[in-house]
Amino acid sequence: MSIMAYNGASVVAMKGKNCVAIASDRRFGVQALTVSCDFQKIFKVNDRLFYGLAGLGTDVQTLSERFRFKSNMYKLREERDLEPKTFAHMVSSTLYEKRFGPYFVEPVVAGLDKKGEPFVCSTDLIGCINFAKDFVVAGTASQNLYGMCETVWREDLEPEELFEAVSQALLNAVDRDCLSGWGAVVHIITPEKIITRTLKGRMD
Amino acid sequence: MESLFGVVGKDFVVVASDMSSIRSIVVLKSHEDRTRDLNSHNVLLYTGEPGDCVQFSEYIQRNVQLYSIKNDVPLNTAGCASFTRRALADSLRSRGAYQTNLLIAGWDPKDGPRLYWIDYLSSGLSVPFACQGYGGYFCYSTMDRYYHSDMTKDEAVALIKKCIAELKTRFVANLPNWQIKIIDKDGITVNVVEGSAV
Numbered sequence: 001m002s003i004m005a006y007n008g009a010s011v012v013a014m015k016g017k018n019c020v021a022i023a024s025d026r027r028f029g030v031q032a033l034t035v036s037c038d039f040q041k042i043f044k045v046n047d048r049l050f051y052g053l054a055g056l057g058t059d060v061q062t063l064s065e066r067f068r069f070k071s072n073m074y075k076l077r078e079e080r081d082l083e084p085k086t087f088a089h090m091v092s093s094t095l096y097e098k099r100f101g102p103y104f105v106e107p108v109v110a111g112l113d114k115k116g117e118p119f120v121c122s123t124d125l126i127g128c129i130n131f132a133k134d135f136v137v138a139g140t141a142s143q144n145l146y147g148m149c150e151t152v153w154r155e156d157l158e159p160e161e162l163f164e165a166v167s168q169a170l171l172n173a174v175d176r177d178c179l180s181g182w183g184a185v186v187h188i189i190t191p192e193k194i195i196t197r198t199l200k201g202r203m204d
Numbered sequence: 001m002e003s004l005f006g007v008v009g010k011d012f013v014v015v016a017s018d019m020s021s022i023r024s025i026v027v028l029k030s031h032e033d034r035t036r037d038l039n040s041h042n043v044l045l046y047t048g049e050p051g052d053c054v055q056f057s058e059y060i061q062r063n064v065q066l067y068s069i070k071n072d073v074p075l076n077t078a079g080c081a082s083f084t085r086r087a088l089a090d091s092l093r094s095r096g097a098y099q100t101n102l103l104i105a106g107w108d109p110k111d112g113p114r115l116y117w118i119d120y121l122s123s124g125l126s127v128p129f130a131c132q133g134y135g136g137y138f139c140y141s142t143m144d145r146y147y148h149s150d151m152t153k154d155e156a157v158a159l160i161k162k163c164i165a166e167l168k169t170r171f172v173a174n175l176p177n178w179q180i181k182i183i184d185k186d187g188i189t190v191n192v193v194e195g196s197a198v
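Quick note, the sequences are listed as chains A and B, same order. Number 200 in the numbering used here belongs to position 200 of the first sequence; there are no gaps in the numbering. Number 99 in the numbering used here belongs to position 99 of the second sequence; there are no gaps in the numbering.
Where hints are given, some of them may not hold.
[Said to hold, decoys possible] Pulled from the structure, derived: some chain A residues nowhere near chain B, Cβ distances all over 10 Å: (1) K17; (2) V35; (3) T62; (4) G101; (5) I194.
[Claimed, not checked] Mimicking DSS-like on lysine-lysine, the simulated pairs with C-alpha atoms at most 27 Å apart in a straight line are: (6) K75/A / K44/A; (7) K168/B / K185/B; (8) K200/A / K10/B; (9) K181/B / K162/B; (10) K181/B / K44/A; (11) K85/A / K75/A.
Read the hints as simulated data drawn from the structure, not as lab findings. Glycine residues also receive a C-beta, built at the ideal position from the N, C-alpha and C atoms.
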């Protein structure tokens, strides 16, 4: 079995009208055996920037600790918040440093820049950035997610509509993937607030 | 062939490890202690590659002791788990990775009872109940069925014994003896369950 599919994970992010959404499943497994149903894959950098990591659980945790360190140091040195594009490049560099012994993760970044423009991107496990204008997907159900997102996404979705779109895309994609699922977490980031909802889908 | 179990109760954690040391077709030892007490309120249980297990768990034990000497306060369960995960993650991509699967259980005045599951790749999870080893394939479903939050000591120990009984029925290796430890505000209590006494 592929090392990227050992623990199972799915992450998706979408752009809306002055808002972005990022969502992931909650399963942590060891191949076919499910061990936990509340494994965190999405992490907050600041009030306008979140990122998700799909892939091997240990690298998700190691990288989240490294990014926490790097973003805290950035904040102390620069005395300002990280912009999404800057963070995306930080992720890319961190991954490419390990070009010949990589971290087995596929990160997804979603946020609003200082002007309030929505931003989403994803990278592969060695840091090649995909700047998308609509949505990005990662994980064991990525192919399912591509199909679902292409169907439900439209331009300029309002926050509540975006929540529906990203939730339906994720829930239905993971239902066809045995390694993802067991619930979902969705974050909607708007200039005023962050709305976080935990969804209970098919718990199998 | 080794298994570990852990269940978090109302204000305690109960953990169990089997005591058979088996290599291929031979049972080398029948009362192997697969645990290390990290401090008065934290226990680490291990399975995996024999040498790595002992070397790594004793390394963690010594460093948790060092923390209390340096800082004059004991390290809490979350700290033990975090330190252990970091140590295992650093070793993963180094010359010598430790192939150990662990459970870390403890009680802490602020957070209460905690149980952490850490696998040999160093993924660390805080869980209400856990299994390590082949036991998980048989006993996770037993735990899913009978676990609820705020279990009493009797209920939790009964659940552990149900899991042990399940292995006796369905697991190919004979694991007669089990060491059950209960960690609560008063410290660590050890109980060895032998042979047919389950």
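These are the hints, each one checked on the structure:
Residue placement check: K17/A keeps its beta carbon more than 10 Å from all beta carbons of chain B (closest about 37 Å). Residue placement check: V35/A does not keep its beta carbon more than 10 Å from all beta carbons of chain B (closest about 7 Å). With a cut of 10 Å on Cβ distances, T62/A falls inside the contact zone with chain B, its closest approach being about 5 Å. The claim that G101/A lies off the interface is violated: its Cβ sits roughly 6 Å from the closest Cβ of chain B, which falls inside the 10 Å cut-off.
Distance check for I194/A against chain B: the nearest CB is about 23 Å away, which clears 10 Å, and the non-interface claim stands. Proposed proximity of K75/A and K44/A is supported: the alpha carbons are some 14 Å apart, at most 27 Å. Simply put, K168/B and K185/B have alpha-carbon atoms about 32 Å apart, too far for the 27 Å limit, and the pair is violated. Taking the CA atoms of K200/A and K10/B, the gap is about 26 Å. The hint holds against a cut of 27 Å.
Restraint check for K181/B and K162/B: the C-alpha separation of about 16 Å stays at or below 27 Å, so the hint holds. For the hint linking K181/B to K44/A, the alpha-carbon distance of about 38 Å lies beyond 27 Å, and the restraint is violated. For the proposed pair K85/A and K75/A, the alpha carbon gap of about 15 Å is at most 27 Å, so the pair holds.
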